[in-house]
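Trainee: Chains as they are written, first to last, in our numbering: chain A, 1 to 192; chain B, 1 to 557.
Since the hints were derived computationally from the structure, they do not count as laboratory data. This one's a predicted model, so the numbers in the text were calculated from it and none came from an experiment. Wrong hints could be hidden among the right ones.
Said to hold, decoys possible - Using C-beta positions, here's what the derived DEER-type ranges look like: (1) A:E162 to B:V371: 31 to 37 Å; (2) B:S190 to A:E162: 46 to 52 Å; (3) A:E178 to B:G487: 48 to 54 Å; (4) B:K233 to A:M1: 52 to 58 Å; (5) B:Q213 to A:M1: 26 to 32 Å; (6) A:G32 to B:E281: 37 to 43 Å; (7) A:E136 to B:N325: 55 to 61 Å; (8) A:M1 to B:N325: 18 to 24 Å.
Stated by the list, open to error - Chain B regions said to be covered by chain A (calculated; three or more residues, Cβ under 8 Å): (9) 27-36; (10) 159-173; (11) 228-238; (12) 246-256; (13) 353-364; (14) 367-379; (15) 394-405.
Beta carbons: idealized from backbone N, C-alpha and C, even for Gly.
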Amino acid sequence: MDKTFNIVICGVGGQGLVTLLNVLARAAFIEGYDVKTSELHGLSQRGGSVEAYVRFGRRVWSPIISKGTADLVIALEEQEALNGARFAGKKSVILINRFQTPTLSGDASFEQIRQELTKVSEKVFFVGASEICQKELGVEVVSGIYLLGYALHNNYLPLKKENVIEAIKKTMPEKFWELNIKALELAKQSTK
Amino acid sequence: MNDSQKTILMGNEAIVKGAMAAGVQFVACYPGTPSSEIGILFSQIATNNDRLYFEFSTNEKLAMEAVVGASFSGLRCLAAMKSFGVNVALDSLLPFVYTGSKGPAVIVVADDPSCHSSAQSEENSRGFGQLAHIPILEPSNAQECFDFTCLAFEISEKFNIPVMVRITTRVAHQRGIVEFKVQSSKYKVSEGEFVKDKNRFVTMPPRVLEMHQELLDKIGKIREFATQSEINKIYREDPSVNSNAGIITSGVSFLHTMEALEMAGLDIPVLKLGFFYPLPEQKIRDFIRPLEKVLIVEELDPYLEKEVAAIAKDENCRLKIFGKNILPEVGELNPALIAKAAAELAGVSGYEAPEPPELSSVKHVARFCTVPACPYWRVFAAVKKAIPENKAVFGGDIGCYMLGAGPPHNLYDFLFSMGSGIGIAHGISKAAGGRQKPVAFIGDGTFFHAGLPALLNAVYNKSNILLVILDNRITAMTGHQPNPGMGKTGEGESSPEVKIENIVLALGVKPENMKVVDPVDDFEGTVKALQEFYQKNEVSVIVARRICALLEKRAKR
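Construct all of the structure, not just a fragment, from the sequences and the given hints.
Mentor: Shown next as C-alpha cells:
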C-alpha cells in the first residue's frame, strides 16, 4: 500500500469512538504500518458531535485528515454522516449506522441525509448496526465493531481480520473479547 | 530491568512513560483537558508505590508549590496542567525560575488551540517563555512526548532550572508508535530532605536582582545547549537543489507541514525547532542566510515569526518573511491550509486543496448525561421553576454545569474562568447597588479550587449574591478525579472528607442563609429553597448535593 489510508470515525460522544479508533490503530500497527490517530476529549464531547481520525501507511506525518481525502468514513450516528462526509470524495466508502439521536439544534431526516450523501460518493451504505447488535447480541454498544466487520468483509479496509481480532484482544479487557469478536463476525451475514 | 518496548501510545501516556524513565519521584497535577490523562495515569502508578508520590492538588498554584518544595528537597518532580492552569500557578512559577530547581522539575502544559475542550480563551503558553524565562520544549508526536520529557529532566538537572514541555490538543490526544525503555525507578520518595540554603531559596531583594541576572546568564548557556541539540533539525534538505525558500516550524505544525509538502508535491527544506525558548539562534541564522523567503508555520500568535524577523534584520535583511499574512492567527492549523501557504511561498500556481462537498451542517449539542440521568437536569429545572429568568443575572463557572449555557437551558448571562462566577456576580451586585440579584453556580471541585477566597470576599464586602454549589462529590468533567470533598487522595488513600457547608459557614455566611438540598430526591424542596433564598438581601448559599450519576453507577458495579 503506497498511499496512506485515512479513516474518519464520527458519531456522538459516548458511542465508543475511541474504542473503535484503538482497535483500528492497533490492527494497523500489528500489520506493520506506521500509524497516527487523533481524538478529542472533554466536555464538548459529552453527547456532542465528535470525530476521530485513524491514518496508517508506510509513513504518516499529520494525525489529522484533510477534507476530501478520507478512504473510509464510519458514522456511528446517521446525522453525523453529514459531518463525516466533508472528508469524503467520489471514491470514499461511507458506512452509516442506521441510528439517530436528537441534536437539540435541528435534526436531519434519513431521506435528506441519503440524498445529500449520494451526491458525495457512489459508495454510501446504510447499515442497521445498532438494531442488529441489539437483536443478536443484546447490546448496541458494539455497533462500531460491527461496522468495522462490515468494512472488513466487503474489502473496504486493507487490514487482515486476524489482526483486527488480535487488536481487540490487545486493547480491551478479556471479558469483552467474545462479544466484540461476535459483533465482528456477525457483519459477515450482511455482506452483499 | 531495562527493556526496550514498542507500542502505540497517546501523547499524554508517552509523557508519563518519559517521566518514569527519567526517574520521577514526585508528581502534582490539577486536571484540565487536554492534560487530564497525565494525572489519571500517575495516580494509578503511585497507588501502593513507595517510589512515586502523586497528588491531585486543589489547584494548579498548589501543584506548582508542592513541586517547588519537593524540588528544593532534592526530588525529581513533575507538575501537569492545562494552559489556564499556568495562569493560576504563575505567581509561584516566576520566582521558581529565579531560584531555580534543586531536584529537576518539569512542568507539562497542554494548550487547546481551537478550544475543543476549553472556554475562556485560546491561550498560547509559549508566551511564558518570554515572560518567565522558562525553557520550553515542543514535542510534535507521541515519540517526542517521551523523548522530550526525558530531555526536559536532563536539562533541568544540568542547569538547575524548571523546564516546560508544551503540548497542544493534537499532540496530547494524538496516538502513534513509540519506542521506549521501561525502567523501575532507582529512587525512593522518602529520599527527599530540605537542606537549608537561604541564599538560594529566599527571593527577598536585593538578592532577587542577583537571581534575575543569574537566570539570564543561565538562559544564555541553555541557548548554546539548544543550538547544539539535535532536536532542532532540518528536514527535506537536498544539497543538490538550491532552494531559495524555507519553512521554520515546531510542535504539531511540523507534522502538518510535512504532510502539506507531500500533498502539494513541493521540495522546500524545513527547520523543525524542538526548543521554543530559548531559541537556537545560530541554527536559525544558518538556515535563513541563503534564503530569499521563509514561511513561519505556527499556531496562534506569531511569536516565532517576530523572533525570526529580528534575527533576519542583521543576518539577511532582504529575507521576505511569510507567516500570519497568509496563515490564520485564530484556531488550529491543518495540512490543507499549510499546503496553500507553501504553494504561495514557492510561487507555484495550480495547487488546489480538495474542495469538501457542500452539505447541511448538523451539530449534536453537548448535554448532561441522560443514561444514567445527571442530577444537574433536576437542579436546572428547579432553577427555571423558582427564579424569574428575565430578572435575575446568572453566572456560570467551569465544570460539567457549563452545559447550562447551552440548549435546552440557555441559562448563563456570563461565563469566565475557574471560580470567577462568584467574583463577577459580586461585582454586578455592587454595581447595581443591590437592585439586581446575581445567582452564581459553582461545582464542588471548582469551589475548592478558587471559590473560597471569592465567597469570603463577597461576604466580607456585603454582597447580595445567591450561590448554588453543585456538589456531585467528584471532579467529574475531566474524568472523575478525587477532590477534598470526597475523602480520597490521588493515591487512592482515604482522607478526612471536607464538608462544604462547614467551609461556607466558616467564611461568614449566616447559618440561616445556608441550606443543603438533594435536587433528585427532594426536587420540590430544592425549588422552595431557591424561591426563598432568592429573596434574601445577603450572601446566601444553597448546596445542591447529589452524587454524579456516572460515579454512582460505577460504585454499584
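Trainee: With reference to the structure, classify each hint as holding or not holding.
Mentor: To see whether the hints hold, each was checked on the structure:
no. : hint                         : verdict
1   : A:E162 to B:V371: 31 to 37 Å : holds (35 Å)
2   : B:S190 to A:E162: 46 to 52 Å : holds (49 Å)
3   : A:E178 to B:G487: 48 to 54 Å : violated (38 Å)
4   : B:K233 to A:M1: 52 to 58 Å   : violated (28 Å)
5   : B:Q213 to A:M1: 26 to 32 Å   : violated (58 Å)
6   : A:G32 to B:E281: 37 to 43 Å  : holds (41 Å)
7   : A:E136 to B:N325: 55 to 61 Å : holds (58 Å)
8   : A:M1 to B:N325: 18 to 24 Å   : violated (38 Å)
9   : 27-36                        : holds (count 3)
10  : 159-173                      : holds (count 3)
11  : 228-238                      : violated (count 0)
12  : 246-256                      : holds (count 3)
13  : 353-364                      : holds (count 11)
14  : 367-379                      : holds (count 4)
15  : 394-405                      : holds (count 3)
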